[in-house]
Amino acid sequence: MGKYDFSRRKFIAGAAALGAAGVAGLNPLVSCSAGNNKNVSLVTGKPFKKPEELSVPPLLDAAPDGQPLKAGVIGCGGRGTGAALNWLAAGPNVTITALGDVFKDRIDSCREKIKNEKNVEIPEENCFIGFDSYQKVIDSGVDVVILATPPVFRPIHFEAAVNARKHVFMEKPVAIDPTGVRSVIASAKKAESLGLKIVTGTQRRHQKDYIEVYKQVATGTIGDIVSANAYWNGSKLWHRNPQADWSEMECMIRDWVNWLWLSGDHIVEQHVHNLDVINWFTGNYPAKAVGFGSRQRRVTGDQYDNFSVDFVYDNGMHMHSMCRQINGCENNVSEWIRGTKGSTNCQNKIFDLAGNELYSYAYPVNEKGEPGKSVAISPYIQEHIDLVTCIRQDKPVNEAEATALSCMTAIMGRVSAYTGKMVTLEEMMNSDLKLGPDTFVMGDVGIMKNVVIPVPGEAPKE
Amino acid sequence: MPKKPVCIIKNKLFLLILTSFVLGILFAVFSGKGIHATSSSGFCEICHVHPHVFSSWKLSSHYVTKSGVRVECVECHLPPEGEGYLREKVRLGVKDAWGYLTKDSSDFNWEARRTVEKAQAFTYQQSCVKCHVNLYPLTLTKEGQDAHLYYDRKKDDLLCLNCHIDVGHFDPNRKHTQNTGFGLTSAASRQLFPDSAVVNGLKSFTETVPGTAISFEMKAIAGGRFRMGSPEDEPFRNADEGPVKEVQISSFFMGETEVTWDQYLAFYSATAGEGRTTDTEGTRTMADVDAISGPTPPYGQPDQNWGMGSRPAITMTFHAAETYCKWLSAKTGKHYRLPTEAEWEYAARGGTQTPYFFEGNPKSFIRKGFFGRLFGKENDIISKYVVYLGNSLSKTHTPDEVEANPYGLKNMLGNGAEYCSDWYSPEAYGRLTNGIADPKGPVSGEERVVRGGSFKSEAGEVRCAARDHTQTEAWLKTDPQMPKSIWWLSDCNHITFRVVCDFDDKTGKH
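Going down the list, the sequences are from chains B and W.
Using my numbering, you'd call the opening residue of the first sequence number 199 and step up by one each time.
Using my numbering, you'd call the opening residue of the second sequence number 25 and step up by one each time.
Chain B on its own, in the form it takes in the complex:
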């Protein structure tokens, strides 16, 4: 677990080492002597990892054949339906036998799409409706559960799946508050002791171009990492206005990407992808965060629509993160990492310190014979191929803890922006913050009328 051991002593020692690395990079004499064994990290003093020491998914083009694997889908909205189709595309002998959701129309549309596109029929008696449907799906005789509800429910559903000894594919984010993060990490450890296979929807970790760049960075191509940027500046997502025949709970769940207690705000719900890439490449998690954000143009709900956060890792490295969901602005969804010997966009290119391209991922040519722009297998399918491969070949895969900790990174950014204060990982790991009601019922639950949009700091005194 040493990954997020961030004592002050270590912090100072790490910062000093990083400072030394910076100096060394500028000093030609030191660079010269370092040139003799250039695959040594100046921060740790140890060689960078060798390619064979890296932990990467199997990345087969299709999952191997084997015993039939039955999956149940919990949360049958857009992403749940998408994940169901991705699962069915993973390889031979995989199927879906149960669906669960709180809304019947979501089940109906998901069921119909699976039938139309994949010719898989899910029997009526295996379609469960309601807040307790997750347990019924888990208990319906499936081998794998796909968790794709709004994220507030994820820790509960994941715990139930692990307790029932099921393999799990679950969408990001896996938690939206510290209580949920701890629950997911504990369930992940239980899953590990049971040998269960867990894949999370941070699909860049299953995207071949990212993985090739990761291998180069991890083996020292750009030297020691000294700073990073993460961006998700994009358009607003969808929203749904309340309808007369919907209860308050129904209104919020159908509009879930706009409500803090359901989604964790967009820095957690969406931007966690980019934050996770930086954490993955650095092999570490930020120790503290100071950020700000606001709500400029969002229509419904109670969330912000922009955040800017300065994260600091325990070795003193900074990551700047920006995310915005506002139409008509400059958009950019990407990552950037600087090292002592070069930089990378993490996805497909590596540059030296002068900006010359050192590496570019070779995408397969498209049908017209032109150089393509995407990997051969969609990462949304690849993650299911990797899950099925690991189940059938009994290879270890458990991404839940790493994703939970990246969610914690995003939560730290959110809490800092909401409060205007510095937030530490230590503090968050010990926080009892829990969003949302303790029990879930359809009806008028008195949440909307009590919503307060956080405003940090103090008003100027007259």
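Simulated from the structure, these hints should not be mistaken for lab results.
Every residue gets a Cβ at the ideal spot worked out from N, C-alpha and C, and that includes glycine.
One should not assume that every hint holds.
[Said to hold, decoys possible] If the Cβ cut is set under 8 Å, some of the chain B residues that face chain W in the computed set are: (1) I383; (2) K388; (3) M627; (4) N628.
Guided by the hints, dock chain W onto chain B, whose structure is given.
Using the frame of chain B, we list chain W on its own:
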């Protein structure tokens, strides 16, 4: 129970027997069968006759386990085989044999040996984790998950024992849960005081707390000058006790004793939170409310099962001690607060400038080793005044067991360590100008000053000038609650406090 052999140590026959015994054990240990036979719980039982050891084991969760596996003595009290098992077995075998033959088991403080501090010398962390390979079994509760995640992140600081001290030997009084019943039985229907004491001048008085049955003595301390700190040649002096500065102190009143459990529980029952809330310190202290919000129920047993009554109240946080003073001020209409470090030392010295307020060299009070006991001189004057490591049996004592200092104050040195209101800095005295009046310490800091040493302190640490400080993180190390309590310390059973009352217009100063 074995009888102590009289003067046996001078007997050659005894040495012969002992040597043969040790050799016999060594021989037995190094033969395979012998190792097995001398590792059975039955073999342990031959000598380990101290009270409760086998009965409490049989009542414990390691004797009757859910899986039907029984955990034997050596599985906890020796390291796993291959990790120093034989070495420790021989070491402990010789040690125990020596102890069995030369000491009287009734002289041992068995109760103290069951505390985490002591028990970690008799158990092995690697033995715990050898069997308990999975810290996240499916049966683990949410509280257990949080606690084990916390352990995972703090492995260097924590032992399994910190939370699971009673798994091998059952203790019916031990609690590792929120103790909602704590302190509720103490407020008996005694006569309640209608008014607080009226004070008209700098004279000692008996304070009565309105609406409670609580009264206590406040000693008048006339102001004056003294030299704060200790000279460089004082035995056991630490650098933070200097440089010595001349300090002027204004008159004040000080509690004759450390705040007792009876007094503290009156505050607790009057102000205690209805249950744990998610309020953090920030929201509590910012709240503009008239009422004083008091402690939430503690986790575990704050009095360590040593008893309450007139024993000093312990394990409260600095915040709780300050809140007590606010409550007491509101109740009595006087201004009660924690002493400054300068006031504390002025009062503790009682007009003296020696290491203690009584005669004696700290070196002569240090507990003797084996040879010291044989050849050294005993000097027991310290035990007349101070509850410290040498006489405390590892717990606090009631104030009537010691005599007061020249100002009439009891337990200034030893018993419970006492909070002062100053921030701690090792350089604090260096920043004082000579002749300064009523210094209040650094303007900011991270830890508070703690003075007087405690029942756990060596004689050198209970000198008038000895300084110490709070350890916020370490003192809350094993509080499993999220967030940790702002009222109760899970890992500090030697802290208490003493109140002072201002000599001002409320107490007759004109």
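Verification of the hints:
Proximity of B:I383 to chain W holds as hinted, the smallest CB-CB distance being about 6 Å (cut-off 8 Å). Contact between B:K388 and chain W, as hinted, is supported at the beta carbon level, the nearest pair being about 5 Å apart and thus within 8 Å. Below 8 Å, beta-carbon pairs count as interface contacts, and B:M627 has one with chain W at about 7 Å; its hint therefore holds. Contact between B:N628 and chain W, as hinted, is supported at the beta carbon level, the nearest pair being about 5 Å apart and thus within 8 Å.
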